Amino acid sequence: MKHLFTPYEMKSLSLKNRVVMPPMCQYSVTAKDGIANDWHYAHYVSRAVGGAGLIIIEMTDVEPDGRITDYDLGLWSDDHIPALARIVDAVHQHGAKIGIQIAHAGRKAEDAELPVAPSAIPFDENSKTPRALTTEEVEQMVEKFRLAVRRAVQAGVDTIEIHGAHGYLIHQFVSPLTNKRNDKYGQDRTLFGKEVIKAAKSEMPDHMPLIMRISAREYVEGGYGINESIAFAKEFKEAGVDLFHISAGGEGQIAAAGRPGTHAGYQVPLARAIREALDIPVIAVGRLDDPALANSVIGNEDADLVAVGRGMLRNPYWALEAATVLHKEINPPRQYERGFARG
Numbered sequence: 001m002k003h004l005f006t007p008y009e010m011k012s013l014s015l016k017n018r019v020v021m022p023p024m025c026q027y028s029v030t031a032k033d034g035i036a037n038d039w040h041y042a043h044y045v046s047r048a049v050g051g052a053g054l055i056i057i058e059m060t061d062v063e064p065d066g067r068i069t070d071y072d073l074g075l076w077s078d079d080h081i082p083a084l085a086r087i088v089d090a091v092h093q094h095g096a097k098i099g100i101q102i103a104h105a106g107r108k109a110e111d112a113e114l115p116v117a118p119s120a121i122p123f124d125e126n127s128k129t130p131r132a133l134t135t136e137e138v139e140q141m142v143e144k145f146r147l148a149v150r151r152a153v154q155a156g157v158d159t160i161e162i163h164g165a166h167g168y169l170i171h172q173f174v175s176p177l178t179n180k181r182n183d184k185y186g187q188d189r190t191l192f193g194k195e196v197i198k199a200a201k202s203e204m205p206d207h208m209p210l211i212m213r214i215s216a217r218e219y220v221e222g223g224y225g226i227n228e229s230i231a232f233a234k235e236f237k238e239a240g241v242d243l244f245h246i247s248a249g250g251e252g253q254i255a256a257a258g259r260p261g262t263h264a265g266y267q268v269p270l271a272r273a274i275r276e277a278l279d280i281p282v283i284a285v286g287r288l289d290d291p292a293l294a295n296s297v298i299g300n301e302d303a304d305l306v307a308v309g310r311g312m313l314r315n316p317y318w319a320l321e322a323a324t325v326l327h328k329e330i331n332p333p334r335q336y337e338r339g340f341a342r343g
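Under our numbering, think of the first position of the sequence shown as 1, with each following residue one higher.
Some clues are possibly wrong.
With a straight-line cut-off of 20 Å between C-alpha atoms, the simulated SDA-like cross-links for lysine to any residue are [claimed, not checked]: (1) Lys234 <-> Pro269; (2) Lys194 <-> Asp183; (3) Lys32 <-> Asp65.
Read the hints as simulated data drawn from the structure, not as lab findings.
Remember, predicted model here, so these are calculated numbers, not experimental data.
When you get a sec, could you build the whole thing from the sequences and use the hints?
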């Protein structure tokens, strides 16, 4: 029977276990130029030392005003490549694989003087009203995603994740709440996402898998549900997605601390539904910090990989400790063996 520490392979991505560190913005005040620094190096490499199978670098944006804040990472310039390559090389030295999440915040770009979006609809009453992108600007945005993916590949990552969730730009195009356009990107709300996927694939080696994070449900009146997300995920799969990272929420007044009630594993049924409907691998995420619960997600075939976010923020060695709790074979760094010895 498969479990959390069973190896996993997809194309050339060979993982020693099924523990994923999901992308989590660091909002590092020393990263104002979008370049990863010593904080990011220590942050990601320590999770590789701590036993994670796959680490996904935080939301990294395709243009300066595409960042949530001015303290987020970017890939709009070749100047960003060396610092990321340094992190990638070190993570590999500790036996983990590493990906990066490519994104644009759209109307949720807090520090942009004038955010852009599919339509001129603010996120809430405290947010700036964004400017609607022209059709030509949307096409240019696809090119910006393509070039960011090219730079990520040059930095040596093992996989790419496209951010299509949590109310950011691709999600804004998909959602009926935020896409009120009359052009081709309004007539087909998945078109922008599909073009980004195809652009990304054009820069990726054939053997490298493409991950896409989606919100499988919007917990707000007028938002879409699981049936709609299955439909658009099918189109994204056909465009080239190899694996979906299943989250939820992000539009309207939705936050992790609000609706829905965020009980342990609350998003796992969404992951299972996408997995079964599309016959595609998925990553489950959302309050899966308990090792027994995370292990059950794999054992029950709800998902293929499990992402542990806040648990890894609290404890870089979550994966090693989970293996100890679950009595699974682990190989901690030689320097730490005494800390994980049994008996």
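Check the hint pairing Lys234 with Pro269 against an upper bound of 20 Å on the C-alpha distance. Cα-Cα ~17 Å, so holds.
Lys194 and Asp183: Cα distance at most 20 Å? holds (16 Å)
Hinted pair, alpha-carbon criterion (20 Å max): Lys32, Asp65. Please report holds or violated. holds (12 Å)
Checked against the numbered hints given earlier, this structure breaks none of them.
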